[in-house]
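Residue numbers (the numbering used here), protein chains in the order written: chain A, 1 to 351; chain B, 1 to 383; chain C, 1 to 99.
Hints are supplied without guarantee of correctness; some may be wrong.
Quick list of in silico lysine-lysine cross-link-like pairs, DSSO-like style, CA-CA up to 30 Å [stated by the list, open to error]:
{"hint": "1", "chain 1": "C", "residue 1": "LYS5", "chain 2": "C", "residue 2": "LYS81"}
{"hint": "2", "chain 1": "B", "residue 1": "LYS36", "chain 2": "B", "residue 2": "LYS68"}
{"hint": "3", "chain 1": "A", "residue 1": "LYS142", "chain 2": "A", "residue 2": "LYS27"}
{"hint": "4", "chain 1": "B", "residue 1": "LYS349", "chain 2": "B", "residue 2": "LYS375"}
{"hint": "5", "chain 1": "A", "residue 1": "LYS158", "chain 2": "A", "residue 2": "LYS27"}
{"hint": "6", "chain 1": "B", "residue 1": "LYS68", "chain 2": "B", "residue 2": "LYS44"}
{"hint": "7", "chain 1": "A", "residue 1": "LYS158", "chain 2": "A", "residue 2": "LYS128"}
{"hint": "8", "chain 1": "C", "residue 1": "LYS81", "chain 2": "B", "residue 2": "LYS375"}
{"hint": "9", "chain 1": "B", "residue 1": "LYS375", "chain 2": "B", "residue 2": "LYS93"}
{"hint": "10", "chain 1": "B", "residue 1": "LYS68", "chain 2": "B", "residue 2": "LYS93"}
{"hint": "11", "chain 1": "B", "residue 1": "LYS68", "chain 2": "A", "residue 2": "LYS158"}
{"hint": "12", "chain 1": "B", "residue 1": "LYS349", "chain 2": "B", "residue 2": "LYS93"}
{"hint": "13", "chain 1": "B", "residue 1": "LYS194", "chain 2": "B", "residue 2": "LYS284"}
{"hint": "14", "chain 1": "C", "residue 1": "LYS81", "chain 2": "B", "residue 2": "LYS284"}
{"hint": "15", "chain 1": "B", "residue 1": "LYS349", "chain 2": "C", "residue 2": "LYS81"}
{"hint": "16", "chain 1": "B", "residue 1": "LYS284", "chain 2": "C", "residue 2": "LYS5"}
{"hint": "17", "chain 1": "A", "residue 1": "LYS128", "chain 2": "A", "residue 2": "LYS142"}
{"hint": "18", "chain 1": "C", "residue 1": "LYS81", "chain 2": "B", "residue 2": "LYS68"}
Hints were generated in silico from the structure; no laboratory data involved.
Residues per chain, in single letters:
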Amino acid sequence: MSIIDANVQPHFRYNAEIRRYLSAPHKLRSIPDVEQQWYQAPGGDYRQDLYGDHYPGSDPDTVARHLFDEGGVDLAILNPLTRGNIADYLLNSRLCAAINDWLLDRWLEPDTTGRFLGTIRVNPEDVKGAVAEIERLADHPKMVQVGVPLQSREPYGKPMFEPIWEAAAAHGLPVAVHINGGNGVDHAPTFAGHAFTYPGYAAFMPLNSFVHLATLIIEGMFGRHQNLKFVFADGGYDILTPLMWRLDTFWMSMRDQTPWVDRYPSEYLPDHVRFCSSAFDGPTDDSHAERWLNYTDKADLLMYGSSYPHWSTSSPDTVVAGLNDVQREKVLWRNASDLYGVASHVEGSRS
Amino acid sequence: MTTVEARERGAVDQDIAVTIVDTDVHPLPVSAEVLKSYAPAEWKNRLWPTGNAVSPVPHFYDTPDSYKTNSLRVDASPPGGGVAGSDPDFAAKQLLVDAGVSIALLEPMCDAQLPGAEHVLKATHNDWLADVWLGENNWHGRWRGAISVTAQDPEQAAREIERWASHPYMAEVLITPQTRGIPFGSPHFDPLYKAAARHGLPVATHLMGQTPFELIPIYPVGNPAHWHDFFASWPLLYVSHLMSLVFDGAFDRHPELRVVFVEGGFTWAMPVMWRMDRIWEQRKADLPHVRRRPSEYIREHVRFTTQPLEDVNVAEYREYLEMMDLGDVLMFSTDYPHWSYDSPDWAIKRFPAEQRERIMRGNATALYGLPTTVKALPGEQPA
Amino acid sequence: MQAGKFGVGVYNIDGSLYAIANYCSHEGAPLCAGYVRGTTEFAPEMPDQIRHVREGQIARCPWHQWEFDITTGANLADPRKRVRTYEVDVSDGQVYLTA
């Protein structure tokens with residue numbers, strides 16, 4: 001069976017490498033280092049075995065060997081991290097552009113097998129700049145999605161972001177939301193403030209995606225843009241059934257305040273929402289996995305994503321443990337293939 | 001306040017079996033003046049908004065037609081006057097007799113911006129609750145009260161807990177979950193937890209909505225604009241607190257502590273327990289003080305109330321609850337007299353049959369040390 | 001008014017009489033104890049994108065404020081969650097309801 005890995009983070013070889021892709025005004029600006037996370041995992045964010053000759057995830061040949069040759073993956077969607085929600089939104093946009101240029105230069109252009117696909121990173125805080133960056137790179141055949149941070153001071157359903165989503169949808173590009181590198185001018189990561197432990201942060205953080213999702217529905221963003229699709233690339237989909245049930249239940253009471261929501265909120269999911277798998281989602285008892293995935297039709301929403309080279313990298317086998325054949329096929333490749341329109345890539349790579 | 005004729009009360013001295021315990025009911029003072037009469041003299045004019053700021057129920061997020069409804073059931077206004085939930089006898093009629101609730105936990109909602117004022121406001125509510133609801137009007141023994149304390153000053157809260165701990169009808173401690181950036185697992189709360197646990201009083205938490213100084217937390221990715229998506233996301237506040245309680249070692253520091261999450265939903269508890277177990281397994285070195293699986297702590301130390309139940313396909317819902325296997329951890333609630341009230345008759349059918357007795361009665365009875373019979377009210381069938 | 005197990009509410013809307021069961025299809029609340037209102041529809045040309053319509057034709061459940069079209073019994077959000085309606089005839093000062 002084909003396998004598409006919808007969530008891989010490639011990295012720079014060394015911190016200063018990004019400056020090669022910055023123009024003169026920005027070359028001497030301060031930029032956070034690659035692993036400068038407010039909640040860095042003790043011992044490092046990346047798999048211990050990958051620290052060696054190269055920085056984890058920084059050498060295309062090594063990554064290709066790990067994913068394709070040893071891992072059985074046919075296609076990988078590369079979604080690089082940027083360096084945080086830096087206060088200077090114009091600088092932040094230049095960093096996104098630099099990272100996009102680096103991705104093309106180091107990963108996508110040299111790859112003759114066509115197994116690496118990429119993400120156009122943009123800064124949602126700079127709406128004009130984000131739209132311009134999408135327009136600059138949307139036609140590149142290997143750029144298959146737009147990428148934004150999970151971190152934001154306003155949820156993505158709010159109207160200020162609409163031109164960005166509109167541009168992405170116009171080009172048929174899903175928007176992938178992923179916990180960003182570094183932090184910056186952010187709110188605390190949990191609803192009750194800062195976490196005192198790394199696990200307290202790591203277990204909670206992906207669940208914030210639900211607020212983006214709920215606002216995208218209730219503000220009418222999905223209703224206005226039929227072609228708009230969001231991918232929540234850090235998982236957190238385990239919370240989907242309980243909170244969508246809640247959102248559906250109270251639609252009956254709240255419809256008159258937001259009458260543009262003209263159907264049960266969960267009815268927007270199949271056409272507009274996808275998730276990448278994570279090491280933290282799913283039943284701890286595999287015997288529940290098959291039934292669990294059918295709640296809220298998650299089998300149609302979930303795509304395998306390794307999170308390579310993160311310490312929590314998960315293999316395809318662990319992600320589909322306990323699933324039936326139809327679910328396995330959907331999660332391992334079909335949902336991603338349909339979303340990104342990459343059937344020909346998959347077929348090509350299998351022959 | 002309507003009065004029940006003395007002869008009516010005395011006429012029924014029958015016991016009935018406790019079948020339904022309601023773990024979330026909201027009494028309201030019939031007027032600000034009545035409440036003020038319980039405040040210390042020097043605070044009477046300092047605790048309440050003055051001038052034009054008189055609305056007791058501002059809504060930063062609006063429930064339907066809240067200017068008219070004040071987020072209350074439209075049919076719960078006492079015939080004798082006063083706002084819904086302000087008349088113990090009418091509440092007894094609607095909730096205990098008509099809806100069939102045997103025992104109800106009364107949880108007032110209030111908050112204030114500054115710690116000193118909040119302590120006095122909560123203490124005032126405790127005095128009011130004890131007098132109006134837990135004294136003569138509790139001749140039937142079917143109301144239980146929560147000791148409201150300020151989360152901002154846990155030492156002061158501990159003293160207030162001591163003041164009420166031996167009251168026969170105060171059954172739990174109540175704090176806001178809107179704790180200004182301090183999660184529940186923080187040692188900040190230790191004096192409060194210690195006092196509660198020493199007296200076997202669970203610590204319940206309930207969103208302090210519909211209060212003049214509700215402090216809505218800033219959501220990590222920003223706040224929704226409408227009550228609808230706000231309320232659907234709101235359980236993530238409880239998730240945050242729950243993770244902190246376990247990962248930050250509160251249950252290790254306080255082995256007798258019990259925490260009740262009220263009106264925050266519970267269907268999220270299963271996937272959250274999985275997440276916590278997984279990350280604990282993978283990052284044990286980061287949590288040296290967490291000696292047991294997180295889900296074990298939760299099953300032992302935490303309870304969830306059921307209202308508002310999600311209105312989804314019943315067969316699918318029951319199957320989900322069976323998979324959840326949290327029948328020992330859920331406690332039925334109505335949220336009377338609020339608008340999102342769940343009726344016991346409707347609710348019970350949504351639970352798997354073999355969990356119903358525990359959810360409707362058994363778990364709360366065990367947690368709060370409740371009796372197995374109570375006095376019947378006029379209109380009820382004795383046991 | 002007393003009729004059936006839970007009672008029935010009779011409403012006069014612009015001179016026509018309609019009757020719905022006093023029993024909300026959600027949790028059985030006394031529907032007719034709730035407010036009678038209008039409702040809203042999506043109006044993208046308005047600054048707040050909302051237009052108020054059908055004043056006096058919508059019964060809102062006194063509990064969860066579900067909206068029911070008094071003239072048809074249908075729930076406005078999900079028409080499948082309807083309440084029972086009755087035909088109303090008035091004759092010699094008597095009101096007759098037909099299920």
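(message) B:LYS68 and A:LYS158 were given as a pair; does the straight-line alpha-carbon distance stay at or below 30 Å?
(response) Judged against 30 Å, a Cα distance of about 28 Å means the pair holds.
(request) Given the hint that B:LYS349 pairs with C:LYS81, test it: the Cα-Cα distance must not exceed 30 Å. (result) Distance ~18 Å between B:LYS349 and C:LYS81 Cα, so the pair holds.
(message) Can you confirm whether the C-alpha distance between B:LYS68 and B:LYS93 stays at or below 30 Å?
(response) holds, 24 Å
(message) With the threshold set at 30 Å, check whether the alpha-carbon distance from A:LYS142 to A:LYS27 stays at or below it.
(response) Cα-Cα ~27 Å, so holds.
(request) Take the C-alpha atoms of C:LYS5 and C:LYS81, compute the straight-line distance between them, and say whether it is at most 30 Å. (result) holds, 19 Å
(message) What's the verdict on C:LYS81 and B:LYS68, does the C-alpha distance respect the 30 Å limit or exceed it?
(response) With a Cα-Cα distance of about 25 Å, the restraint between C:LYS81 and B:LYS68 holds, given a limit of 30 Å.
(request) Would you mind confirming whether the straight-line C-alpha gap from A:LYS158 to A:LYS128 stays at or under 30 Å? (result) It holds: about 16 Å lies between the C-alpha atoms, which stays within 30 Å.
(request) Compare the distance between the alpha carbons of A:LYS128 and A:LYS142 with 30 Å, and conclude whether the hinted pair is satisfied. (result) Roughly 23 Å separates the two Cα atoms, so the pair holds.
(message) Between the alpha carbons of B:LYS349 and B:LYS93, is the straight-line distance 30 Å or under?
(response) holds, 23 Å
(request) Would you mind confirming whether the straight-line C-alpha gap from A:LYS158 to A:LYS27 stays at or under 30 Å? (result) Distance ~33 Å between A:LYS158 and A:LYS27 Cα, so the pair is violated.
(message) Checking one constraint from the list: CA of B:LYS68 to CA of B:LYS44, max 30 Å. Satisfied?
(response) holds, 28 Å
(message) Check the hint pairing B:LYS36 with B:LYS68 against an upper bound of 30 Å on the C-alpha distance.
(response) holds, 24 Å
In this structure, the earlier hints numbered 5, 8, 14, 16 are contradicted, and the remaining ones agree with it.
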